[in-house]
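Start from the sequences, fold in the hints, and give me the full structure.
Here are the chains, one letter per residue:
There are 2 protein chains.
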Amino acid sequence: MAAQRLLVDIHTHVYLPRYASFLRSRSAAPRIFTRTTPTGTKEERLLILDDEPSGGRPIGAQYWDRDEKLKFMDRHGINVSIVSSANPWLDFLPASTAHQLAGELNEDLESYCSTSPSLSSSDTLKRLYGFGLLPLVPEVSINSLLEIVDQISKLPHLRGIIMGTRGIGNGLDDEALEPVWEAIAKAGLVVFLHPHYGVDSSAWGAKDNGHVLPLALGFTFETTTATTRLILSGVFDRHPTLRILLAHSGGALPQLSSRLASCIDHDPVVASRLKHDARYYLGKLYFDAVAYGPEELGFVSDVIGRSVFKYGSDADGFSSGTKKVVGSSRMLFGTDHPFFPPLKETDKWKSVTENLEAIESVEGWGEVEKENVRGGNAVRIFGLGS
Amino acid sequence: MAAQRLLVDIHTHVYLPRYASFLRSRSAAPRIFTRTTPTGTKEERLLILDDEPSGGRPIGAQYWDRDEKLKFMDRHGINVSIVSSANPWLDFLPASTAHQLAGELNEDLESYCSTSPSLSSSDTLKRLYGFGLLPLVPEVSINSLLEIVDQISKLPHLRGIIMGTRGIGNGLDDEALEPVWEAIAKAGLVVFLHPHYGVDSSAWGAKDNGHVLPLALGFTFETTTATTRLILSGVFDRHPTLRILLAHSGGALPQLSSRLASCIDHDPVVASRLKHDARYYLGKLYFDAVAYGPEELGFVSDVIGRSVFKYGSDADGFSSGTKKVVGSSRMLFGTDHPFFPPLKETDKWKSVTENLEAIESVEGWGEVEKENVRGGNAVRIFGLGS
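Chains as they are written, first to last, in full-length UniProt numbering: chain U, 1 to 386; chain Y, 1 to 386.
Simulated from the structure, these hints should not be mistaken for laboratory data. You may find that some hints are simply not true.
It does not matter which identical chain is meant; a pair holds if it fits inside one copy or across any two.
Here are the simulated BS3-like cross-link-like pairs (lysine-lysine), alpha carbons at most 25 Å apart as the crow flies [said to hold, decoys possible]:
#1 126 with 348
#2 350 with 310
#3 310 with 370
#4 344 with 275
#5 42 with 344
#6 275 with 207
#7 275 with 350
Shown next as structure tokens:
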């Protein structure tokens, strides 16, 4: 049953076959193209951004084939995955195409999940659930977005929505999105906020450091910025039941949250705008546990717990215990599969084992908290028992 | 004596009178200009960046008058300050002007410090020490930089060098700077790495959030990026005695350090480049304690300590104790004065008391560690006893 010890991966991506075909048809990024390797074989590569270093990255069946996803899960002991389309989603499309493709991809993903194996013969729980997609592109109508929120809420194996940070062109702090937040909150869907654009690449300098700077820093800066702008816009004051899950453990937001609070306190433009200290809002958010180190995970749980004990945010059902214990109730294991494959063939992927070891090694988390981060929290938050 | 309990502020800025006059003569940012307020009085304002929101900020004697600095110190119980020029230093000047002004400002700062009051009648310790300036601008000669490093090393009250992140135009990971790092390390000067540019302001969106996003996020992203690029360039492998102090507790670097290590491990371009895991290098750095929250400070000490225990970096004289205890030996109190003034008249500045309360409240730091972060570490690291 769902309440048993389950390893649930809430950060795992797919390019659904329909989407991969679409990328193959394109001549500008994002695109999938074929090139001949130095040894004469052909390989497909994925170019996510036009200025991406090293001509993109190799791509293969693990990006679209469900059997590959299930094999990866079996290999790492992952019982259930909540799968999301990988960036850049539909961001680059005109509104009408984006709307149509969102609808189709959501149906595709529902089918991908609903026809997946059950966890066991006696269990109604499936091995795959999903985050749907909205056509968040410039000039889309709000009605189109609301229609797709409604579609997703009616697809039984979709439990949330993955989205990037640009909204309909002006970011997520755009007032135009108010009805969308309202609808998402009402539907009880979890928003998985995920980066794609990073920051202006001139920040990385002229040296070839591969993908390290855009991935380690650009991605996390983007999530941090988008979430901070959401906080400053008052979205969490107006929609207190909205559930947003941050990729990569919230990027840099936890470490910068007290500085953020201080900067708000000292700025006449915003000092009186929000209902709470900025640190309060971290206790309203959910964080994946994809930070690769136990000290980082422990710290994230500390700032979530601080929000509950010091700034009075909701304890999400956990009202006693240390900051770290209470904070752990909003953190969820993830792998970022199929990204971060090992450079050399190995049985298990280091990007997975590192995150599992990190959870295991957090000082101040007991066995209960570790189990919850590995799966119990996901079962509760995504309603996987029902 | 220096070994007694001292409160030492290592992050406190000045626009020396010569520099302020220079800013008044300019018609483009950075500049100081006079404007008439709605009530008809005249006020001077500082515009650091051309696209700065709210027409810059009010500026007054606290930015250049030494008596104001000493009054601020007395008001907050600060015994000694290690003063640095505020951004943007000389970045915007042609090489010859930058060279000349650096030399003059370093002499000015030496005089500012050497003629300051002694800590007590029986003490040779002064109340003010300083970080000098290098003419780090495009087209400056390396000899010019080495000449100024030499000048600073001979000015007895200057104990380090403050610098931004652009180097001589290509960032701090520029090979051309190798002789400069070597000379700084040999002279035993501490580099205070401080942000100015942030990231491309398009990241902040169209809403007026005052200075919050560039200050809370832009500044810290910039420091994080510059330090990461330094690590990736191998500077700390080649100059293991180089001492770099990061502003604002290293920005986001501590929280992103395990992700950085993972991204390096998974990228063929850089996977074999460095001598150590990326997390090792955090234990080679120094961090101010300007993060406004105890959880943040505790976490920074945790990742420094992790570097020592898990990745084998130097313990800086502290080889036993918990990670947090060992890590605290590389953290130093600061205020960021005269920035972050209170919005309403108060006896003590919240930006100061918050950082002092944060130090006082770190779980896992005993009285010894707190005293060291408040002053003992600064005495040791800057040789204030001698």
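Exercise. What are the numbers of the hints that this structure violates, sorted from low to high?
Worked result: none
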